[in-house]
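Colleague: Taken in order, these protein sequences are the chains called A and B. Mapping of the first sequence onto the UniProt record's numbering: residues 1 to 557, in sequence order. Mapping of the second sequence onto the UniProt record's numbering: residues 1 to 557, in sequence order.
Please note that the accuracy of each hint is not assured.
Intra- or inter-copy, both count: the list cannot distinguish identical chains.
What the hints assert, rightly or not - Derived lysine to any residue pairs resembling SDA-like cross-links, with alpha carbons at most 20 Å apart:
no., residue 1, residue 2
1, Lys534, Leu557
2, Lys369, Arg418
3, Lys526, Phe449
4, Lys395, Asp219
5, Lys388, Glu434
6, Lys369, Gln409
7, Lys395, Glu384
8, Lys490, Lys501
9, Lys275, Thr10
10, Lys388, Glu438
11, Lys473, Arg500
12, Lys388, Gln398
13, Lys333, Val246
14, Lys322, Pro416
15, Lys275, Ala7
16, Lys473, Arg484
17, Lys534, Gln546
18, Lys501, Asn349
19, Lys395, Thr379
20, Lys534, Ser2
Hints are computed from structural coordinates only; laboratory data are not their basis. For clarity, every value in this text was computed on a predicted model and none was experimentally measured.
2 protein chains.
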Amino acid sequence: MSVKAVALYTFLSENKEEISIQENEELTILDENSLDGWYLGENSRGERGLFPKTYVEIVRTRSNSNVTDCSISPEGSLGNDSPYFSSTPNTSGQINDEDYYDDWDDWDDGSTVVDDGDHIRTPGANGYAHQTPTSNNPNVHYRAKSVSGPDSMSGSRKGSMVGRNLNRFSSFVRSGVEAFVLGDVPMMAKIAESYTIEMGPLGPKWKENPNPFICSIEDPTKQTKFKGIKTYISYRVTPSHTGRPVYRRYKHFDWLYNRLLNKFTVISVPHLPEKQATGRFEEDFIEKRKRRLILWMNHMTSHPVLSQYEGFEHFLMCADDKQWKLGKRRAEKDEMVGAHFMLTLQIPNEHQDLQDVEERVDNFKTFAKKMDDSVMQLTNVASELVRKHLGGFRKEFQRLGNAFQSISQAFMLDPPHRSDGLNNAISHTGRTYENIGELFAEQPKYDLFQMLDKLSLYQGLLANFPDIIHLQKGAFAKVKESQRMSDEGKMDQGEADGIRKRCRTVGFALQAEMSHFHERREVDFKDMMQAYLKEQIAFYQRVVQQLERTLRMYDSL
Amino acid sequence: MSVKAVALYTFLSENKEEISIQENEELTILDENSLDGWYLGENSRGERGLFPKTYVEIVRTRSNSNVTDCSISPEGSLGNDSPYFSSTPNTSGQINDEDYYDDWDDWDDGSTVVDDGDHIRTPGANGYAHQTPTSNNPNVHYRAKSVSGPDSMSGSRKGSMVGRNLNRFSSFVRSGVEAFVLGDVPMMAKIAESYTIEMGPLGPKWKENPNPFICSIEDPTKQTKFKGIKTYISYRVTPSHTGRPVYRRYKHFDWLYNRLLNKFTVISVPHLPEKQATGRFEEDFIEKRKRRLILWMNHMTSHPVLSQYEGFEHFLMCADDKQWKLGKRRAEKDEMVGAHFMLTLQIPNEHQDLQDVEERVDNFKTFAKKMDDSVMQLTNVASELVRKHLGGFRKEFQRLGNAFQSISQAFMLDPPHRSDGLNNAISHTGRTYENIGELFAEQPKYDLFQMLDKLSLYQGLLANFPDIIHLQKGAFAKVKESQRMSDEGKMDQGEADGIRKRCRTVGFALQAEMSHFHERREVDFKDMMQAYLKEQIAFYQRVVQQLERTLRMYDSL
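All chains should be built: construct the whole structure from the sequences, respecting the hints.
Modeller: Following this line, the structure appears as structure tokens:
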């Protein structure tokens, strides 16, 4: 039963079971039952294989125009143990919304349960309905959509003369920051949350979380349910302020991640470790995901705003199924997201010249671009070095070891002149170089992998900044436009002042976020470099020790 | 003026200026004036380029049938400063023998002086006159020819019933050992030389040189003569027993080498370091040749027979031009070469069962074959490792260094958050890895080159053994044949006993040589492995030190 689809994003295959697809490429889905978050299909070049479900949209002609973005209001249970999952697994199509929402993201789990119905492309009057993938896509950096859709935007201020962006896909518009700056977001009667920005020695910064904590992630364990139909990995997550472990799956992280994206405008939300179609239960992959979840968690707990988010607290503390569902629904119904989140910010009274802010941001932009490039460069070099360690380096040393062994074997062949001591020493030297080859092959586990983990975190954080910077640029443009209009008498000064004031909030928030990024960067890169050098030293010392022990065998000859 | 020629040996081109030629291939010499020991010519595949002069014979029709093997009786002066060399350099053809002999080997020297007339192929009644190249050819392992040619062989014992080999090119025949075993070599009235074989704990061995010495080779210096027309490298050679330096060129070594080949049947004469067409004056090549001449010399002085050779003594001590010529001529007129050399051997009285000797030799043959293979294997691995050190390893570390530098450059771009200390440390780490890349690139100079030098010496020594072993096999076959004939009454027992006795001499000599080979092998390989490990340890320690210094920069941050 093949179905047509179109690629939303470019995806590069990383395993032989996968195929690459290009943005806008027409695809044929050969099996609509997604295999664990992946479709089996064919691309326009006739290659067959797997690609991620969330990277494509199925093209249908059925007239269901009110498909809801699942990243905004999915509902579901913690355990996925609703009666729907015990029903026939292979039923395709005809599954109601509740079915889908209950299995709110099975990307990561070895599910054979039907999972259909998301990303149905619905041609309408305005072209395509906007879709956000349910899972993070490391290649495409979208910002969370605001709840203020076209309807709420065309609200109270319809008469305002300050133009709105026509590009509904600009992050400035989507994030709701445009609406916020223009004053379209009404002040709420009571705001429970509040995040403060202070002036630090290097400029605005987020006020520290008054109750800082850290959180460990340990002991990834394979679990099964539905009599073995579903297999998944569960991690023990222990926040320091409670000391009580909770158990979470990748999909819980993913749910939280999507909440964060949705809520936190102007904050660079760390990307989750990437997905992988095959080998998900292999030890190396599980280890790698654990290491990267730990880094993700460290960034979360380090962040004064993210660490105080109620949904995060719920994720870290809730150990009860029923409570989990309630808290989950509460988080999904949170109104202080996107544009409204901007209302929760308390900014300092200090005057900042908007021109200065613009310049600060431009500097940061230049820096972030260069850092992104160099992080990519180092990632490429380190990845290649891993490949060399596992391949070339190991091979060379093993070949040398074999050659020495071969020499010592030759020396055994003329018995009266065997000189066993020398032969043993040469043979041992051969084994030593074989071991050194193995040391080379194992070394990336101790240094390069950790470096790549951290670089991957930073690639994600840096990839968020262009959109965040765009918010500030958009706000700044609105200030200039409103000032001009006020000067020309087309807008009253009060309204223009309001726009300028709200633009200040955006600027302070961005600067606080830049400052947090720099602070973490210093700590993280210092740690990364020190750890790398320490492991490198230990590695070469191990090589020296092996060689010294071997050399000693010749001394007694 | 092109001339036809035929390839005597296969030569594989190693540099782009050279072309490969195959044994028996017809060639066209485009320029008969050899360029520094090389001809410019065209092979049968139409490729044009250089190939070694001594690998080919020019085909001429002139009726000069008494060309003498230049390796046996060339005459010449030490300095090549005879009046012939000051004559017009570009005269081709028509150069008399004396001309040639005076420039007895210019293979190695940057000579633009005419050097023609050797290896003239002279078709006669018996086909081609046998030629020995004046220079050693590492690809073809010929044994020195005996002075006992077909004429002396068809001498006194013409009536003997023991068959002679028909293959005139078998080393058994060419070396004169067949003639010796059959008793065709008449005892000389007085033999000045004598080399003794004793019974050692592991079997027969050469009696040590009663006056052992060593000899240094130092200070390769570029010299010119004929107003810069000739350029060559001169080495300072200082034997320990005189302490007086003499200065020698490669061609003097080559002259000595050919004397050794000619004289010493059953001894594995070490090959000289290989020739090279291009880059002969480059520092690396000169260094390499010096190192390999030193190893060659060490083997020479270690050898109880070779080290006592009068021609060697002459080479090591003579510092006077006139004396040099006299000694050179004396060496070239030495009668105790080839078959006659066998007469100089004093063997122990101990009885050795010929069957046991045969078995010993077979063991050695198996060993030598396997050692040859494993030396080749290690040579290939080590050569590839050199390539990796200079290329891949260096490149990887330099790329890592560059990537770190790039990170630190990015970190400089946002001034308020520059954190100079960290940036300096990261930048320094970048430089450290660039240095480590250079350490990798330089390391072969300290270890792998030396290993390759020694392996090359052993490749040469091992390549001699098949022919030497063949001598003993041939002698043994003669014993069996003569014993059978004696049993059948076709030969008197006295004659058969004589053959058996002379076969014992061959067997003792071969065992003494095997023993010497093993003795040196143990010393040389122990030294080689120890030196390699020591340099490897020092190398990795240098890496550790660089990394430790770099790590310390992060401690103070």
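Colleague: At most 20 Å between CA atoms: does that hold for Lys333 and Val246 within a copy, between copies, both, or neither?
Modeller: Neither way: Lys333 and Val246 sit 23 Å apart in one copy and 98 Å across, limit 20 Å.
Colleague: Classify it for me, Lys395 with Thr379: is the Cα-Cα distance of at most 20 Å met within a copy, between copies, both or neither?
Modeller: between (23 Å within a copy, 16 Å between copies)
Colleague: Treating 20 Å as the Cα threshold, decide for Lys275 and Ala7: within, between, both or neither.
Modeller: within (18 Å within a copy, 64 Å between copies)
Colleague: Treating 20 Å as the Cα threshold, decide for Lys501 and Asn349: within, between, both or neither.
Modeller: Classified as within: same-chain Cα gap 11 Å, cross-chain 116 Å, threshold 20 Å.
Colleague: Checking an output row: Lys534 and Gln546, CA cutoff 20 Å. Within, between, both or neither?
Modeller: Close inside one copy (18 Å) and across copies (12 Å); limit 20 Å.
Colleague: Indicate which option fits the pair Lys473, Arg500 if close means a Cα-Cα distance not exceeding 20 Å: within, between, both or neither.
Modeller: within (13 Å within a copy, 105 Å between copies)
Colleague: Given a CA cutoff of 20 Å, do Lys395 and Asp219 count as a within-copy pair, a between-copy pair, both, or neither?
Modeller: neither (34 Å within a copy, 39 Å between copies)
Colleague: Is it within a copy, between copies, both, or neither that the alpha carbon of Lys534 lies no farther than 20 Å from that of Leu557?
Modeller: between (36 Å within a copy, 16 Å between copies)
Colleague: Taking 20 Å as the upper bound on the Cα-Cα distance, should Lys388 and Glu438 be classified as within, between, both, or neither?
Modeller: both (12 Å within a copy, 18 Å between copies)
Colleague: Check Lys388 against Gln398 for me: Cα-Cα at most 20 Å, and say if that holds within a copy, between copies, both or neither.
Modeller: Answer is both; intra-copy 13 Å and inter-copy 14 Å each pass.
Colleague: Indicate which option fits the pair Lys534, Ser2 if close means a Cα-Cα distance not exceeding 20 Å: within, between, both or neither.
Modeller: neither (54 Å within a copy, 67 Å between copies)
Colleague: Given identical chains, is Lys473 near Arg484, meaning Cα to Cα at most 20 Å, within a copy, between copies, both, or neither?
Modeller: within (17 Å within a copy, 109 Å between copies)
Checked against the numbered hints above, the structure violates hints 4, 13, 14 and 20; every other hint is satisfied.
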